[in-house]
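Trainee: Residue numbers (numbering that gives the first Met the number 0), protein chains in the order written: chain V, 0 to 304; chain W, 0 to 97.
These are computed hints drawn from the structure, not numbers from a lab.
Any given hint could turn out to be false.
[Said to hold, decoys possible] Pulled from the structure, derived: some chain W residues nowhere near chain V, Cβ distances all over 12 Å:
#1 13
#2 16
#3 22
#4 75
[As the list claims (entries may be wrong)] Footprint (simulated), chain W over chain V, 3 or more residues, beta carbon under 8 Å:
#5 33 to 39
#6 129 to 141
All of these numbers come straight from a predicted model, not from anything done at the bench.
Heads up, the beta-carbon is just placed ideally off N, CA and C, and yes, glycines get one too.
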Amino acid sequence: MNEDPYAVLGVKREATQEEIRAAYRNLAKQLHPDLNPGDKKAEEKFKQVASAYDVLGDPEKRARFDRGEIDASGTERPRERYYRDFHGSGAQEHAYSTADGFADLMDEDILADILGRARAGHDGGQFRMRGSDALYRLAVEFLEAVNGATKRITLPDGGILDVVIPPGTRDGHVLRLRGKGRAGIGGGPAGDALVEIEVRPHKLFTRKDDDIHIELPISLTEAVLGGKLDVPTPSGPVRMTVPKGANSGTVLRLKGKGVQRKDNRGDEYVTLKVVLPQPSDPELEEFARRWQAGQRHDPRAHLEA
Amino acid sequence: MIPMHEFLLRCRLEHESLQAWIAAGWLATPETEPEPAFSEVDLARAQLIRDLRDDFGVNDEGISVILHLIDQMHGLRRSMQEVLDELRAVRETHHESR
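Can you build the whole structure from these sequences, using the hints too?
Mentor: Structure (structure tokens):
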């Protein structure tokens with residue numbers, strides 16, 4: 000343990016005795032083994048801190064250390080056993096042992112039973128306990144979540160779990176499958192399986208609450224003249240009428256073509272997007288050049304910067 | 000058992016302080032007669048008290064509270080250990096019977 004005691008305490012070399020004392024107290028309070036009975040590392044750190052303070056806490060020793068007359072390890076204080084070493088499993092009961100900390104919990108039959116039996120030294124066989132819950136994540140396709148599906152999970156131990164995804168399941172929803180968790184102990188009931196659903200995105204559809212949104216490309220001809228065309232919905236294509244003169248950004252609603260709710264369904268909103276032919280059509284270009292009304296039309300007339 | 004003079008020496012304690020600590024209930028009254036003697040547990044506890052007082056600056060009221068809580072925590076840790084041991088045993092029997 001030859002670490003620089005100043006570094007161990009985290010103080011500057013010109014720190015006052017008072018600062019050193021404060022730094023030591025702070026560290027010792029956090030690290031004292033009797034205040035950290037379950038932490039084996041605390042003891043090692045505490046020893047370093049105590050050893051550093053042994054040197055720096057005494058102005059005379061500190062001056063000798065600063066002059067290089069003694070090294071940081073020269074004065075390590077031998078410590079006998081900590082109080083915590085007299086507790087724990089296998090330790091004898093003694094004058095300071097107490098059961099006051101859980102006297103109220105002894106009303107619980109299970110605890111009284113176990114502690115009573117453990118103290119008496121018997122082996123138990125009557126103990127019953129519900130199994131713990133098991134957590135799983137399941138990624139499902141967008142349409143499976145909207146329309147409902149049955150998915151099969153293969154468990155780490157080789158078991159199989161069939162998960163029924165109800166129609167309209169949202170991303171992040173947690174399904175509880177009763178009795179499908181870990182086995183109970185001593186004949187106790189099994190725990191539950193908790194399955195968190197992750198819904199993968201869809202390339203056409205997006206979901207907002209219980210409504211479905213889709214952007215639908217239409218041709219110039221369809222936009223100008225209107226017509227009937229097929230629109231994808233989660234439950235299959237639906238014929239929809241596009242009115243004459245439909246524009247990019249026009250939103251049409253397909254009632255009841257959204258996500259299943261308790262007693263009805265959400266809607267699907269179709270946003271039109273006019274798409275010109277690619278590559279550009281010479282006849283269309285020729286028409287646009289000749290089309291006088293089109294050249295007078297100013298769609299940005301109402302825009303003011 | 001540790002005789003009085005050795006006990007005082009090993010935990011670097013004055014006789015008056017020891018009497019005061021026993022009177023405050025921090026240490027158990029030694030029961031041995033005629034010469035009082037102490038156990039290793041008493042010694043470790045006395046050293047803890049000295050750490051709290053001298054190094055951490057805990058005042059006398061604080062010492063009583065801390066000792067009480069530490070003793071309760073050890074009781075709980077012990078019970079917890081027993082519960083865990085029991086659970087482990089039950090689980091092993093359970094696995095065997097499957």
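Trainee: For every hint, state whether the structure bears it out.
Mentor: Structure-based check of each hint:
1. Even its closest Cβ contact with chain V, about 19 Å, leaves residue 13/W beyond 12 Å, as expected for a residue assigned away from the interface.
2. Every Cβ of chain V is farther than 12 Å from the Cβ of residue 16/W; the closest lies at roughly 18 Å, confirming the non-interface assignment.
3. With a least beta-carbon separation of about 15 Å from chain V, residue 22/W lies farther than 12 Å from that chain, consistent with its non-interface assignment.
4. Non-interface status of residue 75/W relative to chain V is broken: a Cβ of that chain comes within 12 Å, the nearest being about 5 Å off.
5. As drawn, the segment 33 to 39 of chain V meets chain W at 4 residues by the rule of a beta-carbon pair under 8 Å; at three or more, the given contact holds.
6. A count of 0 residues in the segment 129 to 141 of chain V with a Cβ less than 8 Å from any Cβ of chain W is obtained; the coverage claim is therefore unmet, three being the minimum.
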